[in-house]
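Chemist: Protein chains in written order, with numbering that gives the first Met the number 0: chain S, 0 to 348; chain F, 0 to 348; chain A, 0 to 348.
Don't read these hints as lab results, they were simulated from the structure. These numbers come from a predicted model, not from an experiment. Among the hints, a few may not be true.
[Said to hold, decoys possible] One-sided excerpt, in silico: chain A residues whose CB lies under 10 Å from chain F:
1. Thr1
2. Gln16
3. His20
4. Gly29
5. Gly87
6. Glu214
7. Phe283
[Unchecked claim] Below, simulated DSSO-like cross-link-like pairs (lysine-lysine); rule was C-alpha separation at most 30 Å, straight line:
8. Lys165/S to Lys2/F
9. Lys2/S to Lys119/A
10. Lys119/A to Lys2/A
11. Lys165/A to Lys327/A
12. Lys165/S to Lys2/S
13. Lys174/F to Lys119/F
14. Lys2/A to Lys2/S
15. Lys2/S to Lys229/A
16. Lys327/A to Lys174/A
17. Lys327/F to Lys174/F
18. Lys2/S to Lys119/S
19. Lys2/F to Lys229/F
20. Lys2/F to Lys327/S
21. Lys174/S to Lys2/S
22. Lys2/A to Lys165/F
23. Lys119/F to Lys2/F
24. Lys229/S to Lys2/A
25. Lys327/S to Lys229/F
26. Lys174/S to Lys119/F
27. Lys119/A to Lys174/A
28. Lys2/A to Lys327/F
29. Lys2/F to Lys165/F
30. Lys327/F to Lys174/A
31. Lys174/S to Lys119/S
32. Lys229/S to Lys119/S
33. Lys165/A to Lys174/F
34. Lys229/A to Lys2/A
Yeah, the Cβ is synthetic: ideal placement off N, Cα and C, and Gly gets one too.
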Amino acid sequence: MTKNNAGNYFEDFRLGQIIAHATPRTVTAGDVSLYTALYGSRFAVQSSYQFARAIGFSNAPVDDLLVFHIVFGKTVPDISLNAVANLGYANCRFLLPVHPGETLSASSEIIGLNENSNRKTGIVYVRSTGFNAAGAAVLEYVRWVMVRKRDDAAPTPGQLVPALPKVVEAGDIGKACPPLNTAAYDFTHAGSPHRFTDYAPGERIDHVDGMTVEEAEHQIATRLYQNTAKVHFNQFTEGQGRFGRRLVYGGHVMSLARALSFNGLGNAFHIAGINGGRHVAPLFAGDTVFAWSEVIERLELPDRTDVGALRLRLVATKNQPCGNFPYKSGEDYHPAVVLDLDFWVLIPR
Amino acid sequence: MTKNNAGNYFEDFRLGQIIAHATPRTVTAGDVSLYTALYGSRFAVQSSYQFARAIGFSNAPVDDLLVFHIVFGKTVPDISLNAVANLGYANCRFLLPVHPGETLSASSEIIGLNENSNRKTGIVYVRSTGFNAAGAAVLEYVRWVMVRKRDDAAPTPGQLVPALPKVVEAGDIGKACPPLNTAAYDFTHAGSPHRFTDYAPGERIDHVDGMTVEEAEHQIATRLYQNTAKVHFNQFTEGQGRFGRRLVYGGHVMSLARALSFNGLGNAFHIAGINGGRHVAPLFAGDTVFAWSEVIERLELPDRTDVGALRLRLVATKNQPCGNFPYKSGEDYHPAVVLDLDFWVLIPR
Amino acid sequence: MTKNNAGNYFEDFRLGQIIAHATPRTVTAGDVSLYTALYGSRFAVQSSYQFARAIGFSNAPVDDLLVFHIVFGKTVPDISLNAVANLGYANCRFLLPVHPGETLSASSEIIGLNENSNRKTGIVYVRSTGFNAAGAAVLEYVRWVMVRKRDDAAPTPGQLVPALPKVVEAGDIGKACPPLNTAAYDFTHAGSPHRFTDYAPGERIDHVDGMTVEEAEHQIATRLYQNTAKVHFNQFTEGQGRFGRRLVYGGHVMSLARALSFNGLGNAFHIAGINGGRHVAPLFAGDTVFAWSEVIERLELPDRTDVGALRLRLVATKNQPCGNFPYKSGEDYHPAVVLDLDFWVLIPR
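Chain S with its partners taken away, still in its complex shape (with noise of 0.2 Å):
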């Protein structure tokens, strides 16, 4: 029997099967730190401990998308390893902060299968979630992935597309934000004086500055993920593949994006759910990443007077400053975009 892991394919994924991932991973200040190192990260909170315990936190909680991108790296060996791509996530919400010391675990579950026409392939839906050592969940969240058949004549192993929410309801959001003494937050020392009610939907925001990703970078961070995508690091396979290249995991765009939206949004400190987002086109070491951002709601939550939620657009962009806010022309997206993120941050009111 071999013993080396070659993925689940199309045919292996059941409707309803659960799947506990390896490996749990302890969360620590060294990730934090290489993360900060990567991305260039300045939201308050999650840098200083001194400010998030000064609002309410019992420490610095770790950046949503370290948590996001930890979770999702567990679950790549036995969802996506034979993935040809990554197609969308919904109804990702974040539900206890993770604090350094944390140790983080995962599983997976099978909500829906639906085969290609072609029958070389199907989309396979997984709800995913993190839990801390107390068993408790961090992290949830949808994908559908396409995923390669081991053998084309298989049987498909079920039909289910499954209902799945356009954006995360009210109630799912700030689940992972304890109130906050808003009265102790430091507008100054979080770098912006804009609160909720300063932004309008509608607004756009261009986040002007522009971030070159290199081959170490996007490896080193994947890497840091346990993130074993085959695609992320081989030359010598992908140098003979469709692209010529590694490609750049997508959530390191995200994380790209969400640092550089710093820079007109800085007390947008925490992401409390992604509705839905779209890896547009493939990012290359080389390329330099830019963002913008529009404001598409915003929600006074339920019971919280310290902080409201506002409904982002975030656009990724590569080698194209973002001033004139490039996104789409009827339903083709601009060709310099990367990324379409829809999502929910909290901000103090």
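Use these hints to put chains F and A onto chain S, whose structure you have.
Modeler: Just chains F and A now, with coordinates in the frame of chain S:
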């Protein structure tokens, strides 16, 4: 109102203005590991908790230049986002040790302004201070920087060239170093037998080794310091600019040269103050940094028998070994010189 | 007297000489994060405090090779600064677990000397020991290295080729692993169902994945270990040398291959000893490392029912997938092989 930060232009500053900077930052063991990995520093006091505690520190202090870079990084969005050049440093004093777990914040006072005759730029003199969580100053320094005007026709916002000390005073040297039990100082573990009195003014030391800089390295370092200066990160824009490429953060060169200087100055464990410094020429990825030092002065410190101070000139070059101590011909620097740093170190007596 | 370290030459060593090395180093969670980020290692015992504690460790131990590299790095300035080649390892034994917070130091004893017939170089055999803060040995190994003479005419400083064990003895295996409660060992979280008895001598495992090395990555790693060997860092000098480029530290290849070996050896959580190893060919940035393993022997350990030992040959190649297990034709290595490592791992019974 635009919410992104365009930075201050020369005419935006005022004499006596005090600017509290974003983002407070808790320094952790993760930052220390990254600092070691980026520069390969080998000073025992910073490397070993056990060594540091044995001689009287409460724990291993964070490398002095790591503290400097973090504080410096905080000042960038307010002071030098529109800078043409970072011109110099003066009277930099390390006032308290910083240990992992400490949270740093920073503020600056505008102490001088001097418009250039072309009226397109002016020089801003700023005294920046880094604070710990208790609000005590851990670092204070003056730098001056040439900043663009937004509008050439704007009236000059003030005119004062401050008097600055050429050298940090003896009474200000050593404040960040507790009284040491030098009997417990293990010279073998420290990697050098040479004490205070073994060094003599005029002595020159070639640090021998060379270190080649990669784009990923200086970007990771500069983001670790949350330094947002555009020239270090954005190849898209810099590719069209003056040099056609990203510029390495000057502080990265300082840290490389300091780490190289271990080879010959292994017991010079603490930078107590920086008298002045000049980034003589830009450094780019692919360049190899070499360094040499000259002992300028040997100073017994008032009331201290544990350590003495050496005033050093640390010269870094690119792509030029330093066996011949390249420096100046008359007023002109040797074309290979990139850094000329004048500073005080502490060393056991 | 020159104060920089020129390193020892062959004629400087003496049989029986003991050298205490600089720089003691506290290993932290920051180092562990960097190690994960540099290699992507996924062994649950090292990754999760919770997993490690559940089975009987006081905390997650630091990766064995991280300990090895840190100890090795300390020996470089005294032993191999003037080395031509690192020739081999023997009798490497891990004696105590190392946890974050532990401070490591190292010393070496010269146990053999053998001048080469050309009188330009000689082989130095050295037994190096790593110690924790309490002074207990955590690691001990022999290596031999070819070192230049300063002066060809200098008399040989001694002549002894030590007898070295081909294999670490059973009684020396497992000292760094406390008695484990294997009932609490979660094979799902560990990522593999395969136990001690599932592996059989002669079995070969392709580890499938490839990892491309970047200059920034191996430099960051090698500096993390405070390894100062010149060939890894200085493109200015190496560009004029034998290979025209920087050489990747051999230990970096060991760690890459070990991390890749998770795919097929997920429960082989601990390197208990290294019997021998050879860096067959140099690795350079841009090369992609692949690996495969062969089970050489399966050993029940005296007095242990929790874990058994597998003796493995781990072979790493460059730019050559290992599905066909490339190794040797007669005495000659396959041209793609870069590493041939013979070691003991522990695995639950």
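Chemist: Hints first: check each against the structure and report whether it holds.
Modeler: So, going through the hints one by one against the coordinates:
1. Thr1: holds, 8 Å
2. Gln16: violated, 14 Å
3. His20: His20/A check passes; min Cβ-Cβ to chain F is 8 Å, inside 10 Å.
4. Gly29: Constraint on Gly29/A satisfied, holds at 3 Å.
5. Gly87: violated, 26 Å
6. Glu214: Constraint on Glu214/A satisfied, holds at 5 Å.
7. Phe283: violated, 14 Å
8. Lys165/S to Lys2/F: Holds, at about 28 Å.
9. Lys2/S to Lys119/A: violated, 48 Å
10. Lys119/A to Lys2/A: Answer holds: Lys119/A to Lys2/A is near 26 Å, not above 30 Å.
11. Lys165/A to Lys327/A: With a Cα-Cα distance of about 20 Å, the restraint between Lys165/A and Lys327/A holds, given a limit of 30 Å.
12. Lys165/S to Lys2/S: Violated, at about 41 Å.
13. Lys174/F to Lys119/F: The hint is violated at about 41 Å.
14. Lys2/A to Lys2/S: Roughly 55 Å between the alpha carbons, so the hint for Lys2/A and Lys2/S is violated.
15. Lys2/S to Lys229/A: violated, 40 Å
16. Lys327/A to Lys174/A: Distance of about 33 Å is beyond 30 Å: violated.
17. Lys327/F to Lys174/F: Since the Cα atoms of Lys327/F and Lys174/F sit roughly 33 Å apart, the hinted pair is violated (cutoff 30 Å).
18. Lys2/S to Lys119/S: holds, 26 Å
19. Lys2/F to Lys229/F: holds, 18 Å
20. Lys2/F to Lys327/S: holds, 23 Å
21. Lys174/S to Lys2/S: violated, 41 Å
22. Lys2/A to Lys165/F: holds, 28 Å
23. Lys119/F to Lys2/F: Judged against 30 Å, a Cα distance of about 26 Å means the pair holds.
24. Lys229/S to Lys2/A: violated, 48 Å
25. Lys327/S to Lys229/F: Status holds; Cα separation ~28 Å.
26. Lys174/S to Lys119/F: Judged against 30 Å, a Cα distance of about 51 Å means the pair is violated.
27. Lys119/A to Lys174/A: violated, 41 Å
28. Lys2/A to Lys327/F: holds, 23 Å
29. Lys2/F to Lys165/F: violated, 41 Å
30. Lys327/F to Lys174/A: violated, 59 Å
31. Lys174/S to Lys119/S: It is violated: about 41 Å lies between the C-alpha atoms, which goes past 30 Å.
32. Lys229/S to Lys119/S: Distance of about 20 Å is within 30 Å: holds.
33. Lys165/A to Lys174/F: Status violated; Cα separation ~55 Å.
34. Lys229/A to Lys2/A: holds, 18 Å
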